[in-house]
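*Asks:* Modelling step: build the complete structure from the supplied sequences, incorporating the hints.
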Amino acid sequence: MEGKNIVIDNWAQLQEALYFDSWNEQLYRFRSAYVYRGLEDSSYPLSSTLNRLGESHLEKHLLRNFRKYSQKQISSEYTSVWNWLALAQHHGLPTRLLDWTYSPYIALHFATADFTKYHKDGAIWAANYVDSKAYLPDQLARVIEEEGSHIFTAEMLEREASSLPALGNLKKEDFAVFFEPPSIDDRIVNQYAVFSMMSNPNILISDWLKKTEVSYFKIIIPAALKWEIRDKLDQSNINERVLFPGLDGLARWLKRHYRDVRLEALEKKAAPDEDEKPSESG
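With my numbering applied, the sequence shown covers 709 to 990.
Just so you know, not all the hints are guaranteed correct.
[As the list claims (entries may be wrong)] Here are the computed lysine-lysine pairs in the DSS-like style, where the Cα-Cα straight-line distance is at most 27 Å:
1) 918 with 828
2) 940 with 768
3) 712 with 940
4) 918 with 712
[Said to hold, decoys possible] Listed next, with one range per pair, are the computed distances between beta-carbon atoms:
5) 723 with 968: 24 to 32 Å
6) 880 with 720: 44 to 52 Å
7) 735 with 968: 12 to 20 Å
8) 966 with 846: 28 to 36 Å
9) 857 with 715: 43 to 51 Å
10) 734 with 930: 32 to 40 Å
11) 966 with 870: 45 to 53 Å
FYI, nobody ran anything at the bench for these hints, they're computed from the structure.
Every residue gets a Cβ at the ideal spot worked out from N, C-alpha and C, and that includes glycine.
*Replies:* Pasting the structure below:
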């Protein structure tokens with residue numbers, strides 16, 4: 709199934725696009741079945757940090773050593789591999805997990821957080837996690853049906869798959885799993901976080917989505933609109949100070965908040981056009 713590309717031109721169009729297909733006929737309410745992922749460059753693929761590492765066979769070694777060397781810092785309650793995987797992702801270890809959020813505005817934050825990418829169009833991907841249940845292996849489909857849920861927890865996954873190889877062995881065909889991480893800290897909670905992972909770590913979820921009937925769409929955010937979006941998000945208190953509680957998040961927010969964009973405009977105006985620049989030969 710080919711997803712819908714939504715190209716927006718202004719803030720008002722963006723509001724409509726962010727809540728595209730959010731009406732739930734069964735509940736008779738606007739309850740979206742989508743999770744969202746913001747990217748500062750629209751050309752970026754939906755690749756995990758493990759995909760970008762390019763060595764998926766290292767996954768078990770990375771996770772094993774993360775568990776081994778972090779034992780003194782982690783609660784003994786962390787016995788599930790899925791909790792460990794979420795914790796590792798949270799702290800920057802390359803994993804097969806991909807970060808999403810239930811909040812389209814938080815996804816919008818991540819599409820506009822890096823002001824060094826403001827010359828690039830950004831994007832927000834949205835994937836329907838309810839639709840994805842149709843492709844689960846029977847064992848996991850049964851677990852989620854018994855719980856009356858649309859999203860897994862680590863404990864739910866543990867019932868039928870206690871390891872990464874066990875997950876892949878549940879079904880011959882590739883499938884995606886969406887699950888909520890444990891509330892490790894305020895960052896996870898404030899970002900309204902959800903993870904996705906593929907049963908085969910070599911497969912990009914964007915490639916998998918195209919082969920399924922799972923609804924998804926991609927909003928293209930023009931570079932020229934990013935500063936307006938950023939300022940309005942900051943005014944709505946959606947920024948690093950809230951999403952990354954602590955001094956690091958505060959410093960990142962202040963660095964961008966007090967950036968003087970007028971200097972950039974003057975530099976751009978003063979710079980000669982490409983056609984007017986002198987040649988290298990002089």
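*Asks:* Evaluate each hint against the coordinates.
*Replies:* Evaluated hints:
1. 918 with 828: Satisfied, since the Cα-Cα distance of roughly 25 Å is no more than 27 Å.
2. 940 with 768: violated, 42 Å
3. 712 with 940: OK: residue 712 and residue 940 at ~26 Å, within 27 Å.
4. 918 with 712: Since the Cα atoms of residue 918 and residue 712 sit roughly 11 Å apart, the hinted pair holds (cutoff 27 Å).
5. 723 with 968: 24 to 32 Å: holds, 28 Å
6. 880 with 720: 44 to 52 Å: Taking Cβ atoms as reference, residue 880 and residue 720 lie about 47 Å apart, which means the hint holds.
7. 735 with 968: 12 to 20 Å: Because 47 Å falls outside the window, the suggested range is violated.
8. 966 with 846: 28 to 36 Å: Given about 55 Å between the Cβ atoms, the range is violated.
9. 857 with 715: 43 to 51 Å: violated, 34 Å
10. 734 with 930: 32 to 40 Å: Holds, at about 35 Å.
11. 966 with 870: 45 to 53 Å: holds, 49 Å
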